[in-house]
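As you go down the protein sequences, you meet chains U, G and A in turn. Count the first sequence with the working numbering and you get residues 875 to 1466, in order. Count the second sequence with the working numbering and you get residues 5 to 223, in order. Count the third sequence with the working numbering and you get residues 655 to 867, in order.
In short, the hints are calculated from the structure, not lab data. On a predicted model such as this, the values are computed, not experimentally measured, just so you know. Please note that the accuracy of each hint is not assured.
Quick list of simulated restraints, FRET-style, between CB atoms [said to hold, decoys possible]: (1) T677/A x R19/G: 36 to 46 angstroms; (2) R169/G x P1378/U: 25 to 35 angstroms; (3) K1049/U x D151/G: 38 to 48 angstroms; (4) G1444/U x L11/G: 25 to 35 angstroms; (5) K1049/U x V26/G: 38 to 48 angstroms; (6) R19/G x N1008/U: 32 to 42 angstroms; (7) K1049/U x A832/A: 51 to 61 angstroms; (8) D1258/U x V26/G: 52 to 62 angstroms; (9) P757/A x H949/U: 36 to 46 angstroms; (10) T829/A x A168/G: 35 to 45 angstroms; (11) N1275/U x R169/G: 42 to 52 angstroms; (12) K1049/U x S156/G: 19 to 29 angstroms; (13) S1098/U x A832/A: 57 to 67 angstroms; (14) S156/G x D1258/U: 29 to 39 angstroms.
A few chain A positions that, by computed beta-carbon distances, are all more than 10 angstroms from chain G [to be verified]: (15) G782; (16) Q801; (17) I808.
Covered stretches of chain U, as calculated for chain G (at least 3 residues, CB under 8 angstroms) [to be verified]: (18) 994–1004; (19) 1012–1020; (20) 1125–1131; (21) 1242–1256; (22) 1318–1332.
Glycine included, every Cβ here is placed at the ideal spot set by N, Cα and C.
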Amino acid sequence: MSDKDSLDNMPVNEVASDSLVARFDGEVRSDTREGYEGYIVDANMLPEVASVLRDDLGYDYLSSVTGVDYIDDNHIEVVYHADQTTGGKGINLKVQLDRENPIVPTLVPIYPGADFQEREVFDMYGVKFDGHPNLRRILMWDGFHGYPLRKDWKEAYYEEDIKPFDSRWPGGGVKRSEADNPYGKNVNYPPGFDINNWTPETDDSLYESLEKTNSNGKSLHTDSIVVNIGPQHPSTHGVFRMVVALDGETITDLQPVMGYLHRNHEKIGERNTFLQNMPYTDRLDYLCSMSNNLGYALAVEQLMGADVPERAQYIRVLMAELTRISNHMWAIGFLLNDLGAFQTPALYAIRARELILDVFEATAGSRMMCNYMRFGGLARDFPDTLRGEDTVKFITDLVDNTLPKAIDELDHFLTANEIVRSRCIGVGVLPPDKAIAYSTGGPLLRASGVSYDLRTADPYSIYDRFDFNICTRSNGDVYDRYLVRVDEMRESTRICQQVMRDIPAEGEIFSGKPQYSVKVPAGESYGRVENPKGELGYYVVSTGKANPYRYHVRAPSFVNLTVLGELCKGHKVADAVVILGSIDIVLGEVDR
Amino acid sequence: MYGTGILKGMGVTIRHLVDSFVDDMRFLGQRYYSDSSMNIRQGTEGRGVFTVQYPDEKLPVPEQFRFIPFLLYENNEDGSTTDRCTSCGICAKVCPPQCIWIERSSDPDTGRPIPEPTNFYIDIDICMNCGYCAEYCPFDAIKMDHDYELASYDRTEAHIFDKARLDKPVEYYASIRPNDYLAEETARAEELAKKAAKKEAAAARKAAAAAKKAAAEDN
Amino acid sequence: MNNELSNPDIPVPSELQSAVTITSLDKIYNWGRRSSIWPMVFGLACCAIEMICTAASRFDIARFGMEVFRATPRQADLMIVSGTVTKKMVPQIVRLFNQMPEPKYVMAMGACASGGGPFKEGYNVVSGIDKFVPVDVYVPGCPPTPQALLHGLIKLQEKIDGQSLKSVRWYGQETSEAVPVPVLGPDLFDPRQHALLAQQAGQVQENTESVEK
Ligand code: SF4
Ligand code: SF4
Ligand code: SF4
């Protein structure tokens, strides 16, 4: 478990701190604010500090980049979290910028994985990343007015700064927000907007920025064409759009366009109380609500210093691992869909998943939106019976027999299948150094041979008690990603079996008294878990009130997409769809 | 060898097909429309086809299942009803998307709030079925319903549930969530017993004190 | 089937009942349509996952003749708006709706599509798809379980059953108008609101100016 002081106890970090502060005397200083840790770096020194961090200190993996608007101190802070792929605690760097004109050098040349995340900070806070190759809005559309996550920006349906809203009780007065808005819709125009003299932004600049071929002289002359795949397309796994430049059938460049499901998770999250955010996390990666819950609970528990009872810890692990199985089932099923095996494998995969959902539904109350974890435990214990059987027996049966059988069946008819092999082997190869540089995570990273999994690299909950392997493969292609998923499902069933063997039969599942409004001590925390798709991190800043001051989600699907363009270049269009399927994204998490 | 992949795939499908017929024989015509076979078919032992023939048979929802919340009222013996809700406002405060509106009224004479809501609204177009309102209500007055068949042709009026629409008797609650109901009732009975015991103890102490005093006065 | 389609107003002699059914044109027309509603493959958010589960083996939407999910709007009868409608996405949704041939139906699945859902207050969220395209059936829930979705589909079938060839809009005289596609500007702009917007935006400007003074 990550307690706050351990950062100073870790030898690696001591080295880091000594050499960073000593080397950049005056330009790097320790963050001494109450409840904070890490280092504050001068903006113009950032690239140098980052290179030292990466090359000399071994922090080769930049997991998260985000911003915080400290409006009272009149600065915007950009926060970087870096890790070592060999394991251990992370380190964070902060840069403080002027709110009026925030400019910071980009880190893309050092950590290419910062690309989309910097664009997001630009989109949400208006921070300009000097030297960024493609600094444009990423979640909102070009031409949108304002920087939504700044504290002084207000949306059309804005009611109050924080929840609960006073109008709900005792006055009542039910109404729909539409009634309050002069336009009757959820819109808000800047003052002085003249509807008659205005042209919408087009995508021309995006299309022009694509790298196109120029095949004059060589062989046959072909025209380069630009194709939009999505946002409504059966194989984009939701509302995702890929703008592809083609030379014949071959992809010369690919730009993902997202934000079609941007639901303002973080803006709403900063208005919610800490507890109210829990059901919202369900809707991030909506296939993995249990482990989303876990990550958020860990982040807040870190700040609160809450203890979690034994039995609750076991159930947490069980639920997180069942989630991993159900997610990988889904991912494999739909990867096969993208390969053209329409529906059949997906149906078998969904069938196994349904039984896992039964467990969730009976325990947490909903198939998908579990809202099950609380700060300091769980919402409730297992029910007595499930489908007329004892619940414990049901789950034991499930993890001992049914799931392993289902996994074996998938393995049996897919792994050796000639079509799967010929479509997958050698497609979308991601070498390990690139996988790390692009901050990829989860099966995508491990299929490239990098054995980095937070469950062992920075163990949380009680994962250190279980015997399991981190599954890696070495080729880094689509086929290996598929194999890693199959292996991981097997390991997960093993963990579940151990949980069912060791779990205390009785015990508390919540420490303390359930409270509807928790006060969280001031400070920052970065809670993270190994989600089925990669590292899911929550960066939470509290000012000691009932609402988080900043609530940021480092979403694995979003960061994993950074490398998509690279992976697809040189392949055929049909392969782009497969590569996307093998990355396994969920749009709720990409766009948040 | 080419072709084995296809054969293997077909093999899996055929096995599932055969399983279904084997299963049919096992249930001897009782495969559908019976609760016990439903549990087996939908459980870990299920093989073959596991389709639920909705709407003729329905997959039973577990007790913890949550959909839209509802309000509880008690049926009194004289035929009147009492709301359990005291309009304390906790559910409105804890609701994450803030979709609960409660009107509390005050007594015109004393100005003190009346512990019963005048009206209670939930906008089900916002409600995220999270269950917090039920979880944190101190009076067990709001619970999560099991009724999911709510599709309608119009939402302008129908989708803001008011108190009349939300109110359901306690017996209904006892029928959909028997275990929860039982646990709550026992807890309440214990609480009452504790209170009564306390009262008794206090009374006994008082009596003892009085007796002592009297004894002292006698002396 | 006989019972479902037969017209009780016209008696059939009992010896012929096994062989002959008299029905009305409306009935057979509606029966045909409601037993083969083809939805569009159109997933927006979390609700789409439940929609896929409805199509999978446990709930098996094929029992209603609806398993033919079409990837193109031009072959689809039903658009299940399954998830949060965002401002960035709504122009595409309206365009897809316009591309669907008549008779077409729209189902708002889940709280988000019906009225904004838990994310309603967000700056990029549209508070209900019915602000842009007409909706036939609303299915509440977050997410509606597969059975709730099936219930909504049955409701849709009932609605189709109630229609008559004489009055349906697609055989009427008027050609159906396409819904104007919204445009993305500083915020979402619905062309139907042009006048209101010109007026209101001016007012907002005046207000802020007066405040500044
Ligand atoms: S339902 Fe419960 S929490 Fe809500 S106002 Fe009534 S008594 Fe209070
Ligand atoms: S279930 Fe959740 S969202 Fe719905 S009314 Fe209750 S607290 Fe609010
Ligand atoms: S209604 Fe709920 S489950 Fe459906 S899309 Fe909206 S948030 Fe997701």
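Is the hinted range of 25 to 35 angstroms satisfied by the C-beta distance from G1444/U to L11/G? holds (34 angstroms)
Taking the Cβ atom of P757/A and the Cβ atom of H949/U, is their distance within the range 36 to 46 angstroms? violated (58 angstroms)
Holds or violated: is the Cβ of I808/A farther than 10 angstroms from all Cβ atoms of chain G? violated (6 angstroms)
May I ask you to test the hint 52 to 62 angstroms on the CB atoms belonging to D1258/U and V26/G? Cβ of D1258/U to Cβ of V26/G: about 31 angstroms, so the range 52 to 62 angstroms is violated.
Using the Cβ atoms, figure out if K1049/U sits within 51 to 61 angstroms of A832/A. violated (32 angstroms)
Just want to verify: Q801/A was marked as not at the interface with chain G; is every Cβ pair farther apart than 10 angstroms? violated (5 angstroms)
Examine the segment 994–1004 of chain U for residues whose CB is less than 8 angstroms from any CB of chain G, and state whether their number is three or more. Violated, because only 0 residues of the segment 994–1004 of chain U bring their Cβ atoms closer than 8 angstroms to Cβ atoms of chain G.
Can you let me know if the beta-carbon spacing of T677/A and R19/G is within 36 to 46 angstroms? Between T677/A and R19/G, where Cβ atoms are some 43 angstroms apart, the hint holds.
Can the suggested window of 38 to 48 angstroms be confirmed for the beta-carbon pair K1049/U and D151/G? With Cβ atoms ~26 angstroms apart, the hint is violated.
Chain G over the segment 1012–1020 of chain U, status - at least 3 residues with CB closer than 8 angstroms: violated (count 0)
Checking the smallest CB distance to chain G, is G782/A really beyond 10 angstroms? violated (7 angstroms)
Is 29 to 39 angstroms a correct range for the gap between the Cβ atoms of S156/G and D1258/U? The hint (29 to 39 angstroms, Cβ to Cβ) holds, given that S156/G and D1258/U are roughly 35 angstroms apart.
Violated hints for the displayed structure, listed by number in ascending order: 2, 3, 5, 6, 7, 8, 9, 13, 15, 16, 17, 18, 19, 20 and 22.
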